[in-house]
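In the order they appear, the protein sequences are chains A and B.
All residue numbers in the first sequence are consecutive under our numbering, ending with 438.
All residue numbers in the second sequence are consecutive under our numbering, ending with 438.
Simulated from the structure, these hints should not be mistaken for lab results.
Treat the hints with caution; some may be incorrect.
Any copy will do: because identical chains look the same in the list, a pair fits if it lies in one copy or spans two.
[What the hints assert, rightly or not] Below, simulated DSS-like cross-link-like pairs (lysine-lysine); rule was C-alpha separation at most 25 Å, straight line:
{"hint": "1", "residue 1": "Lys-199", "residue 2": "Lys-401"}
{"hint": "2", "residue 1": "Lys-378", "residue 2": "Lys-60"}
{"hint": "3", "residue 1": "Lys-55", "residue 2": "Lys-322"}
{"hint": "4", "residue 1": "Lys-344", "residue 2": "Lys-401"}
{"hint": "5", "residue 1": "Lys-401", "residue 2": "Lys-382"}
{"hint": "6", "residue 1": "Lys-199", "residue 2": "Lys-339"}
{"hint": "7", "residue 1": "Lys-323", "residue 2": "Lys-55"}
{"hint": "8", "residue 1": "Lys-382", "residue 2": "Lys-268"}
{"hint": "9", "residue 1": "Lys-339", "residue 2": "Lys-322"}
{"hint": "10", "residue 1": "Lys-199", "residue 2": "Lys-60"}
{"hint": "11", "residue 1": "Lys-401", "residue 2": "Lys-323"}
{"hint": "12", "residue 1": "Lys-199", "residue 2": "Lys-382"}
{"hint": "13", "residue 1": "Lys-227", "residue 2": "Lys-394"}
{"hint": "14", "residue 1": "Lys-323", "residue 2": "Lys-421"}
{"hint": "15", "residue 1": "Lys-378", "residue 2": "Lys-227"}
{"hint": "16", "residue 1": "Lys-344", "residue 2": "Lys-421"}
Chain by chain, the residues run as shown.
Number of protein chains: 2
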Amino acid sequence: MTYRPRPVSGFPEHLPEIRMAEQHMLDRIRATFESYGFASIETPSVEELEVLLAKGETDKEIYTIERLQADEAPGGESRLGLHYDLTVPFARYVAQHFNDLVFPFKRYQMQRVWRGERPQAGRFREFTQCDIDVIGIDNLAVTFDAELAAVAIQALEAIGVGGVTLHISNRKIFQGALSSRVNPEQVVPIIRAIDGMPKVGRDQTVRLIQDIVGGLTGNVVANAIVKLADTRATGANELRQLTDEFEVDREEYSEGISELCSVMDHLKFLGINNVVADLSIARGFDYYTGTVYEGRFDDAPAFGSVVAGGRYDDLAGAFINKKLPGVGISIGFSRLFAKLLADKAITATRRSPADLLIVLPSEERREAMLVTAQALRKRGFKVETYHAPQKIGKQISYAEKKGIPFVWFPPFDDGSQHEVKDMASGVQTPAEIATWNP
Amino acid sequence: MTYRPRPVSGFPEHLPEIRMAEQHMLDRIRATFESYGFASIETPSVEELEVLLAKGETDKEIYTIERLQADEAPGGESRLGLHYDLTVPFARYVAQHFNDLVFPFKRYQMQRVWRGERPQAGRFREFTQCDIDVIGIDNLAVTFDAELAAVAIQALEAIGVGGVTLHISNRKIFQGALSSRVNPEQVVPIIRAIDGMPKVGRDQTVRLIQDIVGGLTGNVVANAIVKLADTRATGANELRQLTDEFEVDREEYSEGISELCSVMDHLKFLGINNVVADLSIARGFDYYTGTVYEGRFDDAPAFGSVVAGGRYDDLAGAFINKKLPGVGISIGFSRLFAKLLADKAITATRRSPADLLIVLPSEERREAMLVTAQALRKRGFKVETYHAPQKIGKQISYAEKKGIPFVWFPPFDDGSQHEVKDMASGVQTPAEIATWNP
């Protein structure tokens, strides 16, 4: 009478060897975040439903939680839902703890999030995100926009993910360029059209914008805007040259160009190369107000964004009567990890974190084995000890199956000496507890 | 028009400085687990309700999850619930991945769990547990029972929690002792009475057992059993001496004593001292079958168990037709951390992980500051850079508020040199990027 368990669609789970690779990557990402002084926070997995919906209806599917054995109506208690991203909980956190935080507040948050999707192949319903944000009070220097780009790129490098370019733009550029030429209500549709250009192509985008603007100027505007969106530059000087030919007299436009140049300059100082100023980057519309980022695989554009983010005017306006501008960037870790797994880009051979397996030659040597193990642990090694004086071949085979790289032989009697076998080379050599190193 | 967020009862959340202390402790626990070769796994936060209830009704309150915007009845999909411990998910995991695991399988798991409690002071509804288990096929050497005790104690030491003694017993001792003297159906009630002895006292426990056994032998049995439960020994020899006077001819009894002696011997070899063989330890009844552990504060017995666990005959019988005996121990991390916070046993002064803040003397020195920062990061330091060329006093005060221990002054011009101020001592000295160390 057994209940046969099955994987639950959308809730990934890994074998120990895969988990070890995952954990290593998360450690490296965390170390990169901390190397720039970002502080960890974690928020509860749930928020009050009012918080999750504070910015109006969300298009993210929410899981609510209910007590199975609820013995009465929840008197006065708000309904709770699992958070669907880390931005809303962070906004609530900053509002709630405002007086206890030091600004500019630099935080990272690496947690699971949940989306109540209908089960379907390739869609995660539980996944891990790695977010960093910097929040200021009333204003926040544009230097942080560059810092976040650098951190995101270095985090990807730290986990061995190459071939990603971070495409950076600034919302103000298009807003300024458009506001001098079209009616205010046409701005959003045009930016949406630009956002869709990679999918529908250049010509179709020109036609779309012509239709939006209409009249005699439609053609002129459409071509100018698409040309502006085609701008790519790897440095501030190049960007200035390319954009100088667009004669836009709006301050917002110049500000956007100037901020983007500043970000590119900063990144040069920080030694970050795989970035490009790319004016086609739009990233939705109603949220970001300045810098926008999107990191994409150079040779797998269909994957979409590996990292993404941008600058916003006011993080926590729904929760506190303060103006808290910020800039944030997020690594969709689970999706990226799933891609690396599918690409066989992850080598997972170790099923134990142990550096060493110490064998047990005979029951009489158990004390010697345990004492040796503790001495090696004190030196910082991770050590498994074998549990029974079985045939040495069986013990070695255990190390092999678990991918433990070294097997340690304690003395067979008080006269003999310690030896260590390198499992990769098969070579066995004498060793001292106090001095051995792999 | 703001929605004022409030803490959700039972879902703890910490400021960055407290989170840093928490994260440090979790890192140390993890390092201890890995130092014995335990491999990390993580399971989804949810399980099918059938899995959570596979062992029959549970007394743990379960949270189910439901899609807020469910557009139809969940066709054929099982209901999902958040896991209320890490044992049930682990059992399901082992059954599901049985063919891909190497046994004895040593795993650790540090995850959040949820209990759908009604909100009340001091009760967590979301908390972190740190579990380790070893699972064998058909049988598992008693050496692992000792190893788990050692790991648990060393994990507590690693996070600076002192004054905890691990009390160890073995279920077989009482089962054997009782089965030779009382009717089978009296065994469980008597062990429950022993379990309650710390609360109701010795005399009341004797009376309880007299009532259970009844008749002429009641008095004799009650006094003998309570005396047996009073046994405390710090080593195997002492334990043998103390228990020799109880003449029990059942094999189960001798096996229990012998296993407990073996555990105590192992712990001596491993250099673990703060353990005691304590025959009053019972830990419920229907789950554990051999070794049982309970770690308690010597001077705060009312806190209950800091760590607890034991040996069980069959981990995953509800899910797979194999006999998988195991031994496990669990650290109730969140409860322990809350106690340490309440006791002010945690010093939390750093609001940033940064070792250094590099100041920006003037806008012209920005490149020098950023280049310096990258060079120090390459050397492994965690570095914040100040964002604007504000008054140096203001920049230093930022480091002070965030608890950053060193402030780095890049050259004010190309002729001058780097200097570092130790914030604790106030002393400022020249420094080289390539060689500086705190």
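Verification of the hints:
1. Lys-199 - Lys-401: Intra 48 Å, inter 49 Å, cutoff 25 Å: neither.
2. Lys-378 - Lys-60: Neither, since 49 Å and 39 Å both go past 25 Å.
3. Lys-55 - Lys-322: Within one copy only: 16 Å inside a chain, 52 Å across chains, cut-off 25 Å.
4. Lys-344 - Lys-401: within (20 Å within a copy, 46 Å between copies)
5. Lys-401 - Lys-382: within (17 Å within a copy, 38 Å between copies)
6. Lys-199 - Lys-339: Result: close within a single copy only, 21 Å intra versus 56 Å inter.
7. Lys-323 - Lys-55: Within. Shortest intra-copy distance 16 Å satisfies the 25 Å Cα cut-off; inter-copy 53 Å does not.
8. Lys-382 - Lys-268: Cα proximity of Lys-382 and Lys-268: across copies only (20 Å, versus 41 Å in one copy).
9. Lys-339 - Lys-322: Cα proximity of Lys-339 and Lys-322: none, with 40 Å in one copy and 35 Å across.
10. Lys-199 - Lys-60: Answer is within; shortest intra-copy Cα gap is 23 Å, inter-copy 51 Å.
11. Lys-401 - Lys-323: Answer is between; shortest inter-copy Cα gap is 22 Å, intra-copy 57 Å.
12. Lys-199 - Lys-382: neither (51 Å within a copy, 41 Å between copies)
13. Lys-227 - Lys-394: Neither way: Lys-227 and Lys-394 sit 69 Å apart in one copy and 45 Å across, limit 25 Å.
14. Lys-323 - Lys-421: So Lys-323 and Lys-421 fail the 25 Å test inside a copy (63 Å) and across (34 Å) alike.
15. Lys-378 - Lys-227: neither (64 Å within a copy, 40 Å between copies)
16. Lys-344 - Lys-421: Result: close neither inside a copy nor across copies, 29 Å intra and 48 Å inter.
In this structure, the earlier hints numbered 1, 2, 9, 12, 13, 14, 15 and 16 are contradicted, and the remaining ones agree with it.
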